[in-house]
Amino acid sequence: MVGQRARIVNGIRRLNKTIQVFRPLQVVPIDFRFPGDVSACFGLQATVVGRFPVDRPVIPAFGEYSLEFEGKKIHPVNFIVPWVSQEVFSNASLQRPGILPLAVQVGTSRMINGFYHDLDRQRLDAPPRTSDLQEEPVFQPYSVRFTFHCYRA
Amino acid sequence: MKDHKFQLIRIGVGASGASVRYTGETDKSFRRIRGIFVALPEPILEYGATLSLKVGGVDVFDEDHDVRLLTCGQGVAPNQKFFLFEEYIEAAGNAFEGRFRDAGIQGATYPYEAKVFLWLVNEQES
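For the record, the sequence lines run as chains A and B.
Each residue of the first sequence is one higher than the last, beginning at 0 in numbering that gives the first Met the number 0.
Each residue of the second sequence is one higher than the last, beginning at 0 in numbering that gives the first Met the number 0.
Extracted from the complex, chain B is given alone in its bound form:
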């Protein structure tokens, strides 16, 4: 049985200050969302950028959740990059939705793609 999957959500940001809604479904063959990691192409884009997330209609991150709390530097080991969820968030094909908000930083390059990675696992609730 497969135990881990890193599901990628691509969010296209077209212009400075853009607010982009994203939706999707988690992979059906995994039970739980274990963690999340957000990657932006330029460090300065992290100033003030926010990401909200709902899974199955339940708020995981509300509006104004700072992307800096969900990302980290390139030198951090891959298995330590993720913000880990203490609570049990069911994957199993659950719908997710959210909004990425660019902070409109001077000197940043547009357009760009924000990448959100969901760490899906098959472990039982422990």
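This is chain A alone, in the form it adopts within the complex:
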């Protein structure tokens, strides 16, 4: 408890890493390094950034990701990223996305490796075609933003 208190006194860094997805079912590698003033990562948020002409206001598993820390020594996260229509939910009771709790001590390596995998929901959840003349839906490129909540050293 004392250790946690000391970390909060030193402050918190919220680091953002954005990746781009250009193709359906694309696997995007994630490779980056924490800055030197980070001592531990205690939480993670992932959000899909994009608007899509899909048939549902919420797609619970729009993509999935996996992250390893400390040069692949620690593998705490395999999770999904939802997509939520802002138009449908913002005027109702949409809460902020919560933080996925982690407790990863950042050591000497500082490397984060992993991938994001698109699950092709743009095609699978596209509105039904009303005639054979209607064109197939076109994949809309989008971003996924990862926010790492970290204690300062």
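Quick caveat, the hints were computed from the structure, so don't treat them as lab data.
Among these hints, one or two may not hold up.
Okay, the calculated bits of chain A under chain B, using three or more residues with CB under 8 Å as the criterion [what the hints assert, rightly or not]:
no.	stretch
1	9 to 15
2	102 to 110
3	129 to 140
Straight line, CA to CA, 25 Å or less: simulated DMTMM-like cross-link-like pairs of lysine to aspartate or glutamate [said to hold, decoys possible]:
no.	chain 1	residue 1	chain 2	residue 2
4	B	53	A	86
5	A	16	B	96
6	A	16	B	86
7	A	16	B	85
8	B	53	B	122
9	A	16	B	2
10	A	16	B	61
11	B	114	A	86
12	A	16	B	62
For glycine and all other residues, C-beta sits at the position ideal for the given N, C-alpha and C.
Given chain A's structure and the hints, the job is docking chain B onto it.
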């Protein structure tokens, strides 16, 4: 003694894709920034909009921090709208600065005003 204040920062966004720097000082009569809430006039503006924030020269949110992590729907109770800071961020007249970046969403109306609310309190560090 006054215990709470909700300080408003108005950020004018003139055009699609604009990146607007904002600066200011927190109210001197409050010790701590307890939380933050961002309000945009149209829900579609929240897609991809980002906000960075530095207080007293220290990064609170770095570039690319998604506004959706700092906002929520109209139906959420006022006291639950705010993103609460776990760390102690000193107010007390501290200077703040940051940048709001519009994502350039088709169909949105320009210009508009982004409103950033800082929840200031007088509680001691606990």
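Structure versus earlier hints, numbers of those that do not hold, lowest first: Checked against the structure, the hints that fail are numbers 2, 3, 4, 9, while the rest are satisfied.
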